[in-house]
Each structure stands twice: as structure tokens, then as C-alpha cells.
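From just these sequences and the hints, can you work out the full model?
In terms of the working numbering, the sequence shown opens at residue 364 and continues consecutively.
In case anyone wonders, no lab produced these hints; they're calculated from the structure.
These numbers were taken from a predicted model, which means no experiment stands behind them.
Backbone N, C-alpha and C fix where the C-beta goes; we use that ideal spot for every residue, glycine too.
Don't take each hint at face value.
[Said to hold, decoys possible] Simulated restraints on C-beta separations:
id, residue 1, residue 2, range
1, N588, S527, 46 to 52 angstroms
2, S679, E651, 35 to 41 angstroms
3, A439, S527, 39 to 45 angstroms
4, S537, Q444, 30 to 36 angstroms
5, N539, H443, 19 to 25 angstroms
6, L434, D411, 43 to 49 angstroms
7, N588, D460, 39 to 45 angstroms
8, R655, K496, 39 to 45 angstroms
[Stated by the list, open to error] In silico DSS-like links for lysine-lysine, alpha-carbon gap of 25 angstroms or less:
id, residue 1, residue 2
9, K496, K510
10, K510, K555
11, K457, K496
12, K469, K457
13, K457, K585
14, K546, K422
15, K607, K546
16, K455, K556
17, K695, K455
18, K556, K695
19, K555, K455
20, K555, K607
21, K422, K469
22, K469, K455
23, K510, K607
24, K607, K695
25, K496, K521
26, K555, K457
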Amino acid sequence: MEKFLKNEINSNEIIEDSRSDIDSVELNENDVKITVSSNDTTYSRVYDSSYVPSEDDIKSFPDLQNGPSSLIQGSAVAIHQVGIHNFRLPLKYKTRDGDSITLETKVTGSVSLAAHKKGINMSRIMRSFYEFKQDYVFENLHDILLKYKDNLESFNAKIGLNFSYPILKNSLRSENSGYQYYKVTLEGDIDKKGNFSKYLHFDFVYSSACPCSYELAEHARKNRNQAAVPHSQRSVARVSIKFKDIVWIEDLQELCLEALNTETQVVVKREDEMAFAELNGSYLKFVEDAARLLYEQLQADKRVLDFRVICSHQESLHSHDAISVVTAPNSKFSTDISHELWSSLIHIS
Numbered sequence: 364m365e366k367f368l369k370n371e372i373n374s375n376e377i378i379e380d381s382r383s384d385i386d387s388v389e390l391n392e393n394d395v396k397i398t399v400s401s402n403d404t405t406y407s408r409v410y411d412s413s414y415v416p417s418e419d420d421i422k423s424f425p426d427l428q429n430g431p432s433s434l435i436q437g438s439a440v441a442i443h444q445v446g447i448h449n450f451r452l453p454l455k456y457k458t459r460d461g462d463s464i465t466l467e468t469k470v471t472g473s474v475s476l477a478a479h480k481k482g483i484n485m486s487r488i489m490r491s492f493y494e495f496k497q498d499y500v501f502e503n504l505h506d507i508l509l510k511y512k513d514n515l516e517s518f519n520a521k522i523g524l525n526f527s528y529p530i531l532k533n534s535l536r537s538e539n540s541g542y543q544y545y546k547v548t549l550e551g552d553i554d555k556k557g558n559f560s561k562y563l564h565f566d567f568v569y570s571s572a573c574p575c576s577y578e579l580a581e582h583a584r585k586n587r588n589q590a591a592v593p594h595s596q597r598s599v600a601r602v603s604i605k606f607k608d609i610v611w612i613e614d615l616q617e618l619c620l621e622a623l624n625t626e627t628q629v630v631v632k633r634e635d636e637m638a639f640a641e642l643n644g645s646y647l648k649f650v651e652d653a654a655r656l657l658y659e660q661l662q663a664d665k666r667v668l669d670f671r672v673i674c675s676h677q678e679s680l681h682s683h684d685a686i687s688v689v690t691a692p693n694s695k696f697s698t699d700i701s702h703e704l705w706s707s708l709i710h711i712s
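Structural data, given as C-alpha cells:
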């Protein structure tokens with residue numbers, strides 16, 4: 364049949380088409396049924412919402428990802444990581460005070476793939492998270508990893524949870540408070556020997572007033588009675604730690620504050636702005652200073668097994684950023700920072 368119905372079809376809307384595989388067209392009040400003949404087999408193009416597959420049906424479904432190694436395309440090599448990225452769902456977290464909060468979380472989950480295996484069923488990673496969605500994810504990270512590692516019969520597994528974590532912060536001098544949101548990534552992995560490791564990546568946003576600019580401004584005031592303002596700028600430190608036991612996100616925030624002192628503020632009145640100006644004058648810092656101050660605090664924390672500090676001062680004087688990197692002694696963290704990573708060190712409100 365070379366005539367069929369298209370789009371919002373009624374009996375007056377018949378157009379020509381060159382399709383020769385259209386066998387018949389039926390029109391009723393709700394839809395159009397088009398039957399196609401191909402190689403003497405007739406197919407219906409109307410979705411069957413009543414069909415529920417039986418267990419036998421499901422067993423008969425093709426499963427290419429678990430097919431034989433002969434189906435592998437390209438070189439039959441092992442793949443270090445294969446899985447899902449940017450899978451979003453609400454997950455529960457426990458605060459240091461024992462409260463429960465639910466946060467939208469972006470998930471990256473992956474496993475290793477042996478050389479003889481075609482692929483993995485990625486939905487198993489997603490289903491593993493939904494099995495734990497009523498539990499605290501921080502405390503169950505190891506169990507989640509084991510679940511989908513075993514389900515996918517892999518040697519190792521990795522997980523990354525990216526979210527914004529709110530902490531209520533008091534204003535410096537006024538009786539106000541507001542929520543500061545911190546960019547956090549919680550990671551875990553299980554290696555071939557079953558060793559479990561966990562990592563926390565935390566962005567701390569602070570103000571950095573330039574010591575050199577401060578001294579030059581003071582010189583202009585004292586020697587020439589010239590008003591001058593030293594430059595300062597919003598800056599970001601990304602602190603990455605490998606840790607044992609529990610390191611609360613609140614702990615890491617307080618550690619960064621103890622080191623740097625000049626965290627950006629949420630709710631600000633005039634008395635708070637004055638206090639912030641005084642803090643910047645009291646804690647002047649180059650980007651080198653920021654890295655070393657954080658190093659000092661992290662090195663003293665026995666829960667921290669390894670760490671890396673990346674600082675970026677987004678200069679108000681220059682058209683470029685000032686940067687620094689430092690790691691723990693004998694660290695496994697890389698000091699080779701990509702352009703993309705440096706570019707990600709920005710505060711997103």
C-alpha cells in the first residue's frame with residue numbers, strides 16, 4: 364500500500380508516500396494502527412501498554428553486554444573504569460550534630476572490566492544506590508561499593524558523590540546567620556585485594572588580601588598623604604584528603620577556617636563588613652602562604668592519611684590567577700594539575 368496517514372490524521376488527511384513496506388492502515392477515534400510487512404513478517408507499530416513480560420520472556424531477551432568475548436569490538440583489553448556519570452538522586456547525609464539532611468547528589472559509579480568481558484549492565488550501579496536511598500550514604504559507602512562490585516563481578520569499584528553541603532554560619536559581629544554552601548565530593552574505592560579507601564574533596568572560599576599591596580598602600584598614606592586601597596580577591600582552596608574513621612565536613616570547614624581566617628560571609632551588616640576588613644588586614648596572605656597554612660593544619664590531624672591542597676587567588680590586580688599546590692610527604696595525590704581543574708576553582712553561588 365502506498366498511501367498512509369501522517370501526524371494528526373483524520374479521514375481527509377491522506378498523503379502520498381513512497382514507502383512500499385506499509386501493508387495496511389486502520390483508523391479509529393484514538394490512534395492509527397500501521398501494520399508493516401517485512402520478509403513475510405507482520406509488525407504492529409502501536410505500543411502495547413498491556414504487555415507484561417514473564418520471567419521466561421525476560422530470560423529470552425538478548426543480553427549483549429554479557430555476551431561472549433567474540434562480540435568484543437576493537438582490542439580485547441581490560442578497561443580500568445566503566446560505568447555511569449552525573450546520575451542524580453536525593454541521598455541522606457548525617458551532620459556532625461546528628462541531624463539528617465537530604466541533598467541532591469550527582470553520582471559517578473564505575474567498575475573495572477576484564478579483558479574477556481564484553482561490557483557491564485550499568486543499571487545495576489543505579490539500582491545499588493536506590494537500595495540504600497533510605498540510609499546514610501556516608502556510613503554506607505563501603506557497602507554500596509561492595510554491592511555493585513559483586514553484582515557486576517568486577518575486581519575493583521569506584522564511587523564519587525558530588526553535592527553542595529549547607530552549614531549555618533553566624534555573622535562576624537551582628538546577631539545574624541545564614542547558610543554557607545560548600546562544594547563537596549566524597550569518593551570511595553575498593554581495589555583488587557579488597558582494600559577500601561575513602562576521600563573527601565572540599566572547596567573553601569576565602570578572601571586573600573595581598574601583603575605587598577598592603578605595604579605599598581601604607582607607604583602612599585604615610586609618605587604622600589595619598590589614599591590607597593590594597594587589593595584583595597575571592598580565592599578558593601580545594602582540599603583533598605584520604606582519611607580513616609570519620610572526618611565530618613564540618614571538621615574540614617573548621618580546619619580551613621582555623622588556617623585562613625578570612626572565609627567569605629553570608630549575611631553582612633556594616634559592623635560585619637568592618638570586622639571583615641579588619642580580618643583581611645590581620646591575616647594578609649600570598650597564595651604560597653595559604654597553601655602552607657592549610658598544610659600545617661592537615662599535617663597535624665591524625666585522621667588524615669594523605670592530602671593535597673590546591674589554592675587559586677583570582678587576582679583583582681592581575682588579569683590572571685595566582686596558584687599553588689602542596690601535598691603531604693610521600694603523597695599519592697598528583698601535583699600535575701590540569702587546565703580544566705584549575706578552571707573549576709571558582710565559587711558558584
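Hint check:
1. N588 x S527: 46 to 52 angstroms: holds (47 angstroms)
2. S679 x E651: 35 to 41 angstroms: violated (18 angstroms)
3. A439 x S527: 39 to 45 angstroms: holds (42 angstroms)
4. S537 x Q444: 30 to 36 angstroms: Violated: the Cβ-Cβ distance is about 49 angstroms, outside 30 to 36 angstroms.
5. N539 x H443: 19 to 25 angstroms: violated (49 angstroms)
6. L434 x D411: 43 to 49 angstroms: For L434 and D411 the Cβ distance comes to about 29 angstroms; the hint is violated.
7. N588 x D460: 39 to 45 angstroms: violated (52 angstroms)
8. R655 x K496: 39 to 45 angstroms: holds (42 angstroms)
9. K496 x K510: The hint holds at about 13 angstroms.
10. K510 x K555: holds (15 angstroms)
11. K457 x K496: holds (13 angstroms)
12. K469 x K457: holds (17 angstroms)
13. K457 x K585: Violated, at roughly 53 angstroms.
14. K546 x K422: violated (44 angstroms)
15. K607 x K546: holds (21 angstroms)
16. K455 x K556: The hint is violated at about 29 angstroms.
17. K695 x K455: violated (30 angstroms)
18. K556 x K695: holds (18 angstroms)
19. K555 x K455: violated (29 angstroms)
20. K555 x K607: holds (19 angstroms)
21. K422 x K469: Violated, because 32 angstroms separates the two Cα atoms, which is more than 25 angstroms.
22. K469 x K455: holds (13 angstroms)
23. K510 x K607: Status holds; Cα separation ~21 angstroms.
24. K607 x K695: Answer holds: K607 to K695 is near 15 angstroms, not above 25 angstroms.
25. K496 x K521: holds (18 angstroms)
26. K555 x K457: Violated, because 30 angstroms separates the two Cα atoms, which is more than 25 angstroms.
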